[in-house]
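Asks: Following the hints, position chain D against chain R.
These are the residues of each chain, in order.
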Amino acid sequence: MKPKLAPGVRLRFDKINQEYLLLSPERGLRLNGTATAILRLCDGERSIAEIVDALKQRYKDARADEIQSLIEQLRGRGLIQ
Amino acid sequence: MRPYTLIAELTYRCPLACPYCSNPIDLDNYRVELSTPEWLKVLEEAEALGVVQAHFTGGEPLARRDLAELVAGARRLGLYTNLITSGVPLDRARLESLAKAGLDHVQLSFQDSERDSNDRIAGCVSFDHKRQVAQWVKAIGLPLTINVVLHRDNIDRASDIVSLAESLGADRIELANTQYHGWALKNRDSLLPTKEQLDRARTLTSKAQLFHVKADYFSQYPKACMDGWARRFIVVAPDGVALPCHSARSITTLKFENVRQRTLQWIWRDSDGFNRFRGTDWMADPCKGCDRRETDFGGCRCQSFALTGNAEATDPACSLSPDHQLISDARLKASKADSQVDVAERAFRRAIGGDP
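Quick note, the sequences are listed as chains R and D, same order.
Counting from 1, one number per residue, gives the positions in the first sequence under our numbering.
Counting from 1, one number per residue, gives the positions in the second sequence under our numbering.
So here's chain R without its partners, still in its complex pose (with noise of 0.2 Å):
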């Protein structure tokens, strides 16, 4: 499977606070740099491990468990695909 934000939602850097936020109907999340990192990567292209591959080159400390886990977690809150 090759994660996607679901239809609806995308991504808005926020001026004021420097951050990215993850905006869809009602609702924006606020997302730390992990989390931007991985979500820039889901474009429908990339499987997981092309994600976790690509994260690892770039970070060290990437752990492809917690990738995974915040993928799913998205996932199950209807954000991605």
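One or more hints might be untrue.
[What the hints assert, rightly or not] Derived DSS-like pairs (lysine-lysine); straight-line CA-CA distance at most 27 Å: (1) K207(D) - K186(D); (2) K186(D) - K15(R); (3) K138(D) - K2(R); (4) K4(R) - K138(D); (5) K41(D) - K186(D); (6) K4(R) - K60(R).
[Claimed, not checked] Simulated DEER-style distance windows between Cβ atoms: (7) E69(D) - F13(R): 46 to 54 Å; (8) K336(D) - N17(R): 49 to 57 Å; (9) G76(R) - E44(D): 31 to 39 Å; (10) R12(R) - P322(D): 42 to 50 Å; (11) S163(D) - Q81(R): 20 to 28 Å; (12) E72(R) - N29(D): 48 to 56 Å; (13) G76(R) - H324(D): 34 to 42 Å.
I should point out that these hints are in silico values taken from the structure, not numbers from a laboratory.
The beta carbon of each residue, even a glycine, is placed where N, CA and C say it ideally should be.
Replies: For chain D alone, coordinates are given in the frame of chain R:
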């Protein structure tokens, strides 16, 4: 402190006449509406303050011919745009023009799962058209929320309502128990369901995302109204008056400013109306010493004012409120079938501005 969401009430004109409408009772006083450039300025000022989402609502926002222009203006600012609509009047070409303008999401109301009942509650023939609109929304590829306000007439069909929404391909379903403001408070005795009806509806689930808006008349604690007064939301009414919530103007002891005279920034940061119930300093007992004061923010100021005449009082919906009997009496009355107010005695809003 910055707002995240602008609720743009573009007009109070509406072809529907739902008995639970949250629009003001004195609709005739809102015939003068902000112009297109004035709304575009509101959107700019809101974005500069921190707003990231714009809900276009009303009345029926489609009654504004400049809707697509306003959606485009919001998208140029990067705002998430949501259309909250009855679907009447809407044709496919106009929906396509809204999608082209950058609309992110459509929230379409139904009044019931059956044609006759839907049209009776809405006060106009609309059920078949709404189904058609839902199909267009999906065909165009926009995400769709179907929302239905629940009350005594339709709550026993909540399960059918969920099935209807699923069959129309809704991504999200919102079952919103009536909030008793404006017209809904006027018609409360004929709208309030019984606890048994409510309990059946609130256990429903769906393969779509299903959200329940809680019935504060049947809860132990009040709703966290607007996530706290002037904490996350700005409402701008059709005439340009900026408010912390849809019905704040019903608190007649407060004064609210118009975006025609003041910047949204000044209104948000400095106006008395917005500062009046911010934070927790204004609270009296039992809210003042309550662990939940930063959870539910004392409940709803408009409800306190409407029911007790004192906007600073704890929301009577809270079981700890000294005025809670006002709520329990209304509940009791609803549970006794022989004392129920007849539907024929309901007050209906008159459509203003014509064109249904």
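Asks: Do the beta carbons of S163(D) and Q81(R) sit within 20 to 28 Å of each other?
Replies: Holds, at about 22 Å.
Asks: Quick check: does the Cβ-Cβ distance between G76(R) and E44(D) fall within 31 to 39 Å?
Replies: Given range 31 to 39 Å: holds, Cβ gap about 36 Å.
Asks: Regarding the pair K138(D) and K2(R), is the alpha-carbon distance no greater than 27 Å?
Replies: Cα-Cα ~23 Å, so holds.
Asks: CA of K186(D) to CA of K15(R), is that 27 Å or under?
Replies: violated, 44 Å
Asks: Under the criterion that the straight-line Cα-Cα distance not exceed 27 Å, is the pair K41(D), K186(D) satisfied?
Replies: violated, 35 Å
Asks: Range first: 49 to 57 Å. Now tell me if the beta carbons of K336(D) and N17(R) are that far apart.
Replies: Check passed, 52 Å falls within 49 to 57 Å.
Asks: Within 46 to 54 Å or not, the Cβ separation of E69(D) and F13(R)?
Replies: Given a distance of about 25 Å, which is not inside 46 to 54 Å, the answer is violated.
Asks: Checking one constraint from the list: CA of K207(D) to CA of K186(D), max 27 Å. Satisfied?
Replies: violated, 36 Å
Asks: Is the Cα-Cα distance between K4(R) and K60(R) 27 Å or less?
Replies: holds, 24 Å
Asks: Has the hinted range 42 to 50 Å been met by the Cβ atoms of R12(R) and P322(D)?
Replies: holds, 44 Å
Asks: Holds or violated: the 34 to 42 Å window for the beta-carbon distance between G76(R) and H324(D)?
Replies: Cβ of G76(R) to Cβ of H324(D): about 36 Å, so the range 34 to 42 Å holds.
Asks: How does the Cβ-Cβ distance of E72(R) and N29(D) compare with 48 to 56 Å: does it lie in that range?
Replies: Holds: the Cβ-Cβ distance is about 51 Å, inside 48 to 56 Å.
In terms of the numbered hints stated before, the structure departs from hints 1, 2, 5, 7, listed from lowest to highest.
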